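Chemist: Sequence:
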Amino acid sequence: MANGNQQFSFQHPQSYYYLWHLAALGVIDATFGPLTPGGEVDYSSPTINGTVWDTITEAFPTATAPATVALIDVGVSRSHPNLKSRLDAVKSIDLVSHPYGAKYVAAPAASPYDPEVKAAFFTGISTAGLGTLNLTGPETAYLGSLVAELTASEGVLHTLIEGDETFGSHGTAVAGLVVGEPAATVAPNPAVALPDVLIADDGSAAPNPNRNMLPYFGVDPLSRLISIRTGFEQQPDQFIAAFLYAFANGADVILLPRGIPDPVRSVLNAKSELSQDLDDRANWERADLFARLEEATPPASEIRPHAVGKTGNREVAWNTLAKLIVAISRKVPVICAAGNDGESQLIYPANLAAANNGIVAVGAVTPHGYRSGYSNYGAKLTLVAPSDDFEIYNRHQLRVDRTDPMVDQHYYHPGKGKVVPHSHFSLLTTDLPGTFGYAGGSDPYSSILPPLDNQGIGGGYYTTFGGTSGAAALVAGVAALTARAHKAKLGANAKLDGLTSKANLIAACDQNASVKPGTTPLTQDPMNADNEPAKGKTYFFGAGLLDAGKAVAAILAP
Numbered sequence: 001m002a003n004g005n006q007q008f009s010f011q012h013p014q015s016y017y018y019l020w021h022l023a024a025l026g027v028i029d030a031t032f033g034p035l036t037p038g039g040e041v042d043y044s045s046p047t048i049n050g051t052v053w054d055t056i057t058e059a060f061p062t063a064t065a066p067a068t069v070a071l072i073d074v075g076v077s078r079s080h081p082n083l084k085s086r087l088d089a090v091k092s093i094d095l096v097s098h099p100y101g102a103k104y105v106a107a108p109a110a111s112p113y114d115p116e117v118k119a120a121f122f123t124g125i126s127t128a129g130l131g132t133l134n135l136t137g138p139e140t141a142y143l144g145s146l147v148a149e150l151t152a153s154e155g156v157l158h159t160l161i162e163g164d165e166t167f168g169s170h171g172t173a174v175a176g177l178v179v180g181e182p183a184a185t186v187a188p189n190p191a192v193a194l195p196d197v198l199i200a201d202d203g204s205a206a207p208n209p210n211r212n213m214l215p216y217f218g219v220d221p222l223s224r225l226i227s228i229r230t231g232f233e234q235q236p237d238q239f240i241a242a243f244l245y246a247f248a249n250g251a252d253v254i255l256l257p258r259g260i261p262d263p264v265r266s267v268l269n270a271k272s273e274l275s276q277d278l279d280d281r282a283n284w285e286r287a288d289l290f291a292r293l294e295e296a297t298p299p300a301s302e303i304r305p306h307a308v309g310k311t312g313n314r315e316v317a318w319n320t321l322a323k324l325i326v327a328i329s330r331k332v333p334v335i336c337a338a339g340n341d342g343e344s345q346l347i348y349p350a351n352l353a354a355a356n357n358g359i360v361a362v363g364a365v366t367p368h369g370y371r372s373g374y375s376n377y378g379a380k381l382t383l384v385a386p387s388d389d390f391e392i393y394n395r396h397q398l399r400v401d402r403t404d405p406m407v408d409q410h411y412y413h414p415g416k417g418k419v420v421p422h423s424h425f426s427l428l429t430t431d432l433p434g435t436f437g438y439a440g441g442s443d444p445y446s447s448i449l450p451p452l453d454n455q456g457i458g459g460g461y462y463t464t465f466g467g468t469s470g471a472a473a474l475v476a477g478v479a480a481l482t483a484r485a486h487k488a489k490l491g492a493n494a495k496l497d498g499l500t501s502k503a504n505l506i507a508a509c510d511q512n513a514s515v516k517p518g519t520t521p522l523t524q525d526p527m528n529a530d531n532e533p534a535k536g537k538t539y540f541f542g543a544g545l546l547d548a549g550k551a552v553a554a555i556l557a558p
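With UniProt numbering, the residue at position 307 of the sequence shown is 307, and numbering never jumps.
If you are wondering where the hints come from, they were derived from the structure by calculation, not from laboratory data. Just so it is clear, the structure is predicted and the values come from calculations on it, not from any experiment. There could be a bad hint or two in this list.
What the hints assert, rightly or not - Simulated pairs of lysine-lysine, DSBU-like, Cα-Cα distance not exceeding 30 Å: (1) Lys535 - Lys495; (2) Lys418 - Lys103; (3) Lys495 - Lys418; (4) Lys323 - Lys84; (5) Lys489 - Lys84; (6) Lys550 - Lys103; (7) Lys489 - Lys537; (8) Lys535 - Lys489; (9) Lys118 - Lys103; (10) Lys418 - Lys118; (11) Lys103 - Lys84; (12) Lys380 - Lys118; (13) Lys380 - Lys331; (14) Lys489 - Lys331.
Stated by the list, open to error - Across the chosen pairs, the derived CB separations fall in these ranges: (15) Asp42 - Glu315: 54 to 60 Å; (16) Phe232 - Thr140: 26 to 32 Å; (17) Asn134 - Asp530: 20 to 26 Å; (18) Asp341 - Gly137: 52 to 58 Å; (19) Met406 - Asp42: 36 to 42 Å; (20) Thr519 - Tyr393: 24 to 30 Å; (21) Val267 - Asn356: 35 to 41 Å; (22) Lys535 - Val419: 16 to 22 Å; (23) Asn134 - Thr519: 44 to 50 Å.
Every residue gets a Cβ at the ideal spot worked out from N, C-alpha and C, and that includes glycine.
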């Protein structure tokens, strides 16, 4: 199927440049070509003409101040060679294993019987710099009490287990897209005796452990990242703590590539044809004895004084969090994933995005110029960035991978219905080394080395990735680039507030742009109704595809 003046084959997946997404965003200026004998563009070998990184350096050669991105996710690998120097290990915090925070320290001789050392991580935290939050009386009391509790709290220093190295695959992938940098060859940890040759099951020699690193680049490899690890329990207090911690620690950008489980705001409105099934489900839940007991039983206050569970004060707590996010976004841009439901509505808190705040709701698009099959869209979408794709086979469109050997299992009739080309492009990024990563590896290599000493042979250092999480990560990287350019221009302490940063990003978008290496302009698709394309490009793409070069140029302009 033709895509502009370039051909995207339905017969075989084509090779593509591993940093194609940076070219699509305008971070690197790449010329794709030449045409292959088959008439297809060689996407894998572009000519690099320049980068936005060079633009900043040439304008201010002596400026070295990095921007800081606070990533609120599930943790980031501290041992990954492409992230090790970009991750601020001192400020990164874990709010999952301890409600008042946990940090990890190197202590090789630690005994499991040694008590963990207590430490205060929220000393001096305050909402004073946020202006008016528009809280009600009960909300003001709740937030004031929680802030006082956090200020007086003590977390712990972990010495034995790093949760980031076992559960941080999503955060590690996101972090690489934001701040990944090329890594020099890293020698194995001298404390771990690796044999000269590792033998596989078939008797062949294992790869050299230092052979598996790429000259990988995130959007801004010169900025830093604070990892704020959060979980999935339905408690707003950990997210209030996370946002306050990010703000107090000087974040220039806050990235939330996930949803928050607000019991009201995170619920997507059901399509009319599904409403009866949902009503039946709700009736079943009301009759569930355990659910009724949970609602009737308050949480243990001696463990978590502000845990709200399903008790009466949960509305106050969740309302407070929503207003806090909006208030912080006016000071620091908050980049949110739009969601991967393929719905014409956004997940929470992306659905809080509005003209009067700094929340940026990010959708995903493919090099074919279409919305990624899974990407949420709708009136509150701010902008889009490149990512991978997802097959769609419904009454409104057919988007299937024509290179899949099982494609004949789909009824496919060219000329009937809306056919949307499926993209096999994905985002290459950093992976959690070892068996817990997306590319988990297999025995014997995944089992002979502990996560912290895995040199990329037990499951690689890299993985393909996507989703609106990946798209949001790329936008956060561009926001970091603009923040760093602002510091280069005005000094290390200069900051772009959330409203200014968001306005700058929007101004650098184009609804008629093509997603390199494709050449077709952004095009609406019928996802949930045949007439949806008539709603216009803003409904599907917000302000359009972000151009990092334009965003940085606007900041550097006199």
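Chemist: Between Lys118 and Lys103, does the CA-CA distance stay at or below 30 Å?
Modeler: holds (10 Å)
Chemist: Asp341 and Gly137, beta-carbon distance inside 52 to 58 Å?
Modeler: Cβ of Asp341 to Cβ of Gly137: about 36 Å, so the range 52 to 58 Å is violated.
Chemist: For a C-alpha distance cap of 30 Å, please report whether Lys489 and Lys331 respect it.
Modeler: Status holds; Cα separation ~19 Å.
Chemist: Evaluate the given range 24 to 30 Å for the C-beta pair formed by Thr519 and Tyr393.
Modeler: With a Cβ separation near 26 Å, Thr519 and Tyr393 satisfy 24 to 30 Å, so the hint holds.
Chemist: For the pair supplied as a hint, Lys418 and Lys118, is the alpha-carbon distance within the 30 Å limit?
Modeler: Given that 30 Å is the threshold and the Cα spacing comes to 60 Å, the pair is violated.
Chemist: Within 16 to 22 Å: is that where the Cβ-Cβ distance between Lys535 and Val419 falls?
Modeler: The hinted range 16 to 22 Å holds for Lys535 and Val419, with Cβ atoms some 20 Å apart.
Chemist: Between the beta carbons of Phe232 and Thr140, is the distance compatible with 26 to 32 Å?
Modeler: Since Phe232 and Thr140 have Cβ atoms about 28 Å apart, the given range 26 to 32 Å holds.
Chemist: Run the distance test for Lys550 versus Lys103: straight-line Cα separation, threshold 30 Å.
Modeler: violated (38 Å)
Chemist: Return holds or violated for the Cβ distance of Asn134 and Asp530 against the range 20 to 26 Å.
Modeler: violated (41 Å)
Chemist: For the pair supplied as a hint, Lys535 and Lys489, is the alpha-carbon distance within the 30 Å limit?
Modeler: Judged against 30 Å, a Cα distance of about 41 Å means the pair is violated.
Chemist: Given the hinted pair Lys495 and Lys418, is their alpha-carbon gap at most 30 Å?
Modeler: Answer violated: Lys495 to Lys418 is near 46 Å, above 30 Å.
Chemist: Has the given pair, Lys380 with Lys331, been kept, meaning a C-alpha gap of at most 30 Å?
Modeler: Between Lys380 and Lys331 the Cα gap is close to 20 Å, so the pair holds against 30 Å.
When held up to the earlier numbered hints, the structure conflicts with 1, 2, 3, 4, 6, 7, 8, 10, 12, 17, 18, 19, 21 and fits the remainder.
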